[in-house]
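Visitor: Protein chains in written order, with the numbering used here: chain C, 161 to 478; chain S, 8 to 264; chain B, 23 to 313.
It is worth saying that the hints were derived from the structure and are not from the lab.
Treat the hints with care, as some may be off.
Just the calculated beta-carbon pair ranges, DEER-fashion [said to hold, decoys possible]:
(1) C:445 with S:22: 42 to 48 Å
(2) C:254 with S:117: 21 to 27 Å
(3) S:155 with C:170: 31 to 37 Å
(4) C:289 with B:291: 46 to 52 Å
(5) C:445 with S:155: 20 to 26 Å
(6) C:172 with B:82: 29 to 35 Å
(7) B:76 with C:170: 33 to 39 Å
(8) S:73 with C:288: 55 to 61 Å
(9) C:416 with S:144: 40 to 46 Å
(10) C:242 with B:291: 22 to 28 Å
(11) S:101 with B:291: 42 to 48 Å
(12) S:23 with C:424: 55 to 61 Å
(13) C:447 with S:247: 50 to 56 Å
Heads up, the beta-carbon is just placed ideally off N, CA and C, and yes, glycines get one too.
Each chain, letter by letter, is given below.
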Amino acid sequence: MLVIVLAALAVVPFFLTSYWVYLTNLFLINAIVAVGLNILTGNAGQISLCQSSFMAIGAYTTAVLSARYGLPYWLTLPAAMAVAGGTGALLGYPARRLSDIYLALATFGFLEIFQVVIEEFSDLTGGVRGISIGRPSLFGVTLKSDLSLYCLVLAAAVIMIWVASNLMRSRFGRAFNAVRQSPYAAQALGISIGRVKLITFALSAVFAAVGGSLMAVVVGFIDPLEFNVIASLRQITFIVVGGLGSIAGSVIGALVLTALPELLRGVKEYVGIIYAIILLGFLLFMPGGLITIWAIIRDRIWRKPVKIEGANRAASLD
Amino acid sequence: MPLLSIEQLQVEFGGIRAVNQVSLSLEAGEIRGLIGPNGAGKTSIINAITGMVPTRAGRVLFENRDITSFAPHDVSRCGVGRTFQHAEIFPDDSVLDNVRIGVDHHSQVGFLQAAFGLPAARKAESETRSIAIGLLEAFALAPWHGQRAGDLPFGLLKRLDIARAFATRPKLLLLDEPTSGMSEAESKLVVDQIVALSRQYGTALMVIEHNMRVIMQLAERITVLQSGMVLFEGTPAEVQSNHKVIDAYLGEEMTDA
Amino acid sequence: MTVTIALQLLFSGLSIGAVYALVALAIVIPYKASGVLNFGQGEVVTLGAYIALVFTQWGVDYWLVLLGTLVVSALFGLIFERVAIRPIVRAPEFTIVIATFAVGLIIRGAIRLYWEDNEYSLSSPFNMPPLNLGGVRLNANFIWILVCTAFVSGSSALFFKYTRFGKAMRAVSQNRAAARLMGIVVEHVYMTAWAISTAIGAVAGLLMAPVTGINPEIGNILLKAIVGAVIGGFTSLSGALVGGLVVGVIETFSGVFIGGTFKHIAPFVVLIVVLLVRPYGFFGRAQVRRV
Numbered sequence: 161m162l163v164i165v166l167a168a169l170a171v172v173p174f175f176l177t178s179y180w181v182y183l184t185n186l187f188l189i190n191a192i193v194a195v196g197l198n199i200l201t202g203n204a205g206q207i208s209l210c211q212s213s214f215m216a217i218g219a220y221t222t223a224v225l226s227a228r229y230g231l232p233y234w235l236t237l238p239a240a241m242a243v244a245g246g247t248g249a250l251l252g253y254p255a256r257r258l259s260d261i262y263l264a265l266a267t268f269g270f271l272e273i274f275q276v277v278i279e280e281f282s283d284l285t286g287g288v289r290g291i292s293i294g295r296p297s298l299f300g301v302t303l304k305s306d307l308s309l310y311c312l313v314l315a316a317a318v319i320m321i322w323v324a325s326n327l328m329r330s331r332f333g334r335a336f337n338a339v340r341q342s343p344y345a346a347q348a349l350g351i352s353i354g355r356v357k358l359i360t361f362a363l364s365a366v367f368a369a370v371g372g373s374l375m376a377v378v379v380g381f382i383d384p385l386e387f388n389v390i391a392s393l394r395q396i397t398f399i400v401v402g403g404l405g406s407i408a409g410s411v412i413g414a415l416v417l418t419a420l421p422e423l424l425r426g427v428k429e430y431v432g433i434i435y436a437i438i439l440l441g442f443l444l445f446m447p448g449g450l451i452t453i454w455a456i457i458r459d460r461i462w463r464k465p466v467k468i469e470g471a472n473r474a475a476s477l478d
Numbered sequence: 008m009p010l011l012s013i014e015q016l017q018v019e020f021g022g023i024r025a026v027n028q029v030s031l032s033l034e035a036g037e038i039r040g041l042i043g044p045n046g047a048g049k050t051s052i053i054n055a056i057t058g059m060v061p062t063r064a065g066r067v068l069f070e071n072r073d074i075t076s077f078a079p080h081d082v083s084r085c086g087v088g089r090t091f092q093h094a095e096i097f098p099d100d101s102v103l104d105n106v107r108i109g110v111d112h113h114s115q116v117g118f119l120q121a122a123f124g125l126p127a128a129r130k131a132e133s134e135t136r137s138i139a140i141g142l143l144e145a146f147a148l149a150p151w152h153g154q155r156a157g158d159l160p161f162g163l164l165k166r167l168d169i170a171r172a173f174a175t176r177p178k179l180l181l182l183d184e185p186t187s188g189m190s191e192a193e194s195k196l197v198v199d200q201i202v203a204l205s206r207q208y209g210t211a212l213m214v215i216e217h218n219m220r221v222i223m224q225l226a227e228r229i230t231v232l233q234s235g236m237v238l239f240e241g242t243p244a245e246v247q248s249n250h251k252v253i254d255a256y257l258g259e260e261m262t263d264a
Numbered sequence: 023m024t025v026t027i028a029l030q031l032l033f034s035g036l037s038i039g040a041v042y043a044l045v046a047l048a049i050v051i052p053y054k055a056s057g058v059l060n061f062g063q064g065e066v067v068t069l070g071a072y073i074a075l076v077f078t079q080w081g082v083d084y085w086l087v088l089l090g091t092l093v094v095s096a097l098f099g100l101i102f103e104r105v106a107i108r109p110i111v112r113a114p115e116f117t118i119v120i121a122t123f124a125v126g127l128i129i130r131g132a133i134r135l136y137w138e139d140n141e142y143s144l145s146s147p148f149n150m151p152p153l154n155l156g157g158v159r160l161n162a163n164f165i166w167i168l169v170c171t172a173f174v175s176g177s178s179a180l181f182f183k184y185t186r187f188g189k190a191m192r193a194v195s196q197n198r199a200a201a202r203l204m205g206i207v208v209e210h211v212y213m214t215a216w217a218i219s220t221a222i223g224a225v226a227g228l229l230m231a232p233v234t235g236i237n238p239e240i241g242n243i244l245l246k247a248i249v250g251a252v253i254g255g256f257t258s259l260s261g262a263l264v265g266g267l268v269v270g271v272i273e274t275f276s277g278v279f280i281g282g283t284f285k286h287i288a289p290f291v292v293l294i295v296v297l298l299v300r301p302y303g304f305f306g307r308a309q310v311r312r313v
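Please build the complete structure, drawing on both the sequences and the hints.
Guide: Pasting the structure below:
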């Protein structure tokens with residue numbers, strides 16, 4: 161299954177027009193950000209409304225370092241990740257005592273503060289007018305062609321998703337899920353809730369920063385409007401529609417919702433409201449996301465679920 | 008030196024003293040019963056030991072270390088495990104993963120090792136899986152290992168909770184009503200396993216129980232609580248024949264058991 | 023900084039704060055009753071302003087506009103509760119937060135579709151030259167805002183303390199199941215709480231309109247109102263009032279002393295500080311968790 165998807169993605173630039181390659185780049189970027197957010201929200205259960213701020217950190221760090229200081233991409237990307245990761249940890253540490261609504265509010269507050277900060281330090285960030293970024297250069301080579309840029313984005317996406325998958329299938333992923341499902345039991349099993357919150361905030365920030373940094377070089381221009389609360393909600397929509405807590409779900413959600421504005425190009429004014437309706441619809445009627453459809457199909461075809469007859473299965477022990 | 012030592016413990020909830028000047032101590036490997044009518048403060052003592060509720064006064068010493076104000080995960084790290092009255096399993100995880108989280112307790116796999124799928128991490132994963140399946144088999148839960156834990160009936164969840172707690176190889180395991188919701192056959196299985204694992208791992212046990220038959224057989228010593236205070240402490244035989252205990256508590260229970 | 027200027031700033035701060043206080047009240051009431059924090063409340067405020075606009079464009083007199091807005095928004099609140107809130111009351115926090123956000127966005131989107139980003143103005147009988155009291159210029163619209171806020175807060179306080187319905191609402195907020203067993207129809211309590219909340223929110227929009235103009239973005243006031251509610255300890259009505267006023271005053275004074283843009287982040291900095299230090303605010307009570 162995975163191999164098919166990868167193969168399909170690998171040949172995209174050879175068969176599609178420049179515009180569709182651009183769209184695929186956006187989809188891959190959204191997938192990276194969504195996977196990171198899902199680890200924080202879907203797995204660890206932390207509500208965060210400031211994911212787009214971490215994306216902004218990634219984008220602006222890359223933009224400023226390359227536009228002002230001429231640093232090559234293989235330096236600006238890790239720098240972006242480091243700054244975002246540090247900020248994420250800085251936010252995750254005091255946030256360990258907050259949950260649910262209060263955490264949502266704190267992250268919302270942080271986002272608003274960050275918006276103002278971007279606009280205030282306009283000589284650095286270009287303020288409301290934004291910054292332009294040239295094509296990235298790696299080890300002396302500037303990635304001028306669509307193909308080379310696409311390879312960069314695809315490689316980044318594959319690596320990030322692979323790392324996420326490894327983590328979620330390790331003791332760390334199990335600990336994240338434990339914190340969401342039963343904080344009491346998690347603590348009784350030696351898991352520090354504070355540490356999990358700190359790690360997952362930092363982790364989701366790093367993913368967002370990679371996405372932001374890539375977006376800066378793919379689009380070539382960034383401004384603060386890209387990173388407002390609506391953007392955060394859009395990312396939340398990816399993971400709700402795709403499936404909370406599932407990496408595949410994040411990718412599916414990103415795919416469906418990156419394609420959507422394209423399909424709705426004729427009715428551009430309606431895009432925002434349609435997004436919101438879709439989000440609400442899934443929350444109310446399919447909270448598990450699209451991935452649940454896949455799970456149902458898979459179970460029907462490949463596996464027979466174990467049946468429990470009655471409360472005392474211990475009959476087999478008598 | 009006793010493994011666990013509780014000195015003049017006091018726990019209050021909004022003016023009500025749930026635990027009032029309770030002192031008790033436990034030796035390594037001991038099996039202690041903790042009984043008393045509902046509201047006697049038994050679960051509150053466990054909550055206080057594990058740091059889940061604040062202590063108003065008194066101390067909790069584990070291996071001579073003052074753990075009174077330790078956070079719950081630090082108490083666990085010291086080697087104290089517990090189970091819950093309502094099982095508190097992880098409903099979305101599989102039965103196997105529930106126990107694996109317990110085994111993870113002493114995992115040495117680092118973050119970067121896990122993130123990049125290094126051989127050390129992958130080896131650790133298959134090892135944890137084996138250990139977890141072993142524990143599931145001990146508690147006859149193996150048939151459901153892939154099942155979503157939240158879909159299982161209560162008795163099975165209680166077993167899962169116990170298996171998961173043992174997975175952390177605790178030095179002291181606090182069990183909160185381990186056989187509630189179980190049939191006689193299930194209870195026997197669970198108690199046998201608890202004793203076997205406790206001997207194998209050298210785990211001391213403190214068991215809250217309402218099932219008198221179970222606790223009288225299982226425990227070496229029993230502490231009886233009433234209204235947040237220690238009423239009596241002694242061997243099962245002594246407890247059953249103590250008139251204070253019978254008046255307060257056993258008088259009704261004996262007719263049921 | 024003369025006394026006159028300080029008083030002037032205080033007056034402005036309190037007036038802005040009064041609007042925040044109203045919105046904060048509109049947030050806390052349904053939160054107390056049904057445990058739902060309405061992230062779409064900002065759009066209720068916007069909706070109120072637009073409803074008032076529609077009535078005004080029909081040539082209706084201001085006082086009837088006020089009445090009409092109250093009635094229409096209360097009706098909207100009833101529908102809103104039934105359709106959007108009832109299904110999610112028992113849902114996990116995440117769902118509630120995001121769902122109400124989504125509803126807010128839908129409302130905002132709908133408003134934008136019909137009225138676009140045009141700026142409208144609302145005529146009010148208080149658009150007169152400011153009164154002068156000992157050197158302090160008192161804007162009549164501001165005075166009206168303060169009067170309304172006092173009235174709304176006062177009557178809410180009386181309502182919740184002394185009427186049968188108010189007591190029912192307090193019972194529901196403490197223990198839903200017990201309230202039901204006492205014969206209280208919890209659904210009626212929800213409906214009333216939300217109707218009151220939307221009415222208050224809409225009035226806030228109507229009061230704001232002559233001062234800020236009418237456009238789809240005025241709902242952004244929400245976050246500042248939430249800061250007020252948090253400062254006041256989320257479940258306290260009097261706290262919401264005081265909290266809102268405090269936010270308004272802090273915003274106004276910091277605008278003078280620190281500078282233009284920082285005026286906008288001052289409330290959020292306060293929010294984060296309060297959340298970290300005293301999440302249950304200064305009027306609320308800490309909740310003890312038991313296993």
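Visitor: Give a verdict on every hint.
Guide: Do the hints match the structure? See the list:
With their beta carbons about 46 Å apart, residue 445 of chain C and residue 22 of chain S fall inside the hinted range of 42 to 48 Å. For the pair residue 254 of chain C and residue 117 of chain S, the supplied restraint of 21 to 27 Å holds, since their beta-carbon distance comes to about 26 Å. Against the hinted window of 31 to 37 Å, the Cβ-Cβ separation of residue 155 of chain S and residue 170 of chain C comes to about 35 Å, which satisfies the hint. Look at residue 289 of chain C against residue 291 of chain B: about 26 Å separates their beta carbons, and that is not inside 46 to 52 Å.
Distance hint for residue 445 of chain C and residue 155 of chain S: a CB-CB separation of about 21 Å, consistent with the stated range 20 to 26 Å. At roughly 59 Å, the beta-carbon separation of residue 172 of chain C and residue 82 of chain B lies outside the given 29 to 35 Å, and the hint is violated. Judged by the Cβ atoms, the range 33 to 39 Å given for residue 76 of chain B and residue 170 of chain C is violated: they are separated by roughly 56 Å. Checked against the hint of 55 to 61 Å, the C-beta distance between residue 73 of chain S and residue 288 of chain C comes to roughly 57 Å, which is consistent with it.
For residue 416 of chain C and residue 144 of chain S, the hinted distance range of 40 to 46 Å is satisfied, since their beta carbons lie about 43 Å from each other. In this structure the supplied range 22 to 28 Å holds for residue 242 of chain C paired with residue 291 of chain B, their Cβ-Cβ distance being about 25 Å. Our hint of 42 to 48 Å for residue 101 of chain S and residue 291 of chain B holds, since their Cβ atoms are close to 44 Å apart. In this structure, residue 23 of chain S and residue 424 of chain C meet the distance hint of 55 to 61 Å, their C-beta atoms being roughly 60 Å apart.
A hinted range of 50 to 56 Å holds for the C-beta pair residue 447 of chain C and residue 247 of chain S, which are about 53 Å apart.
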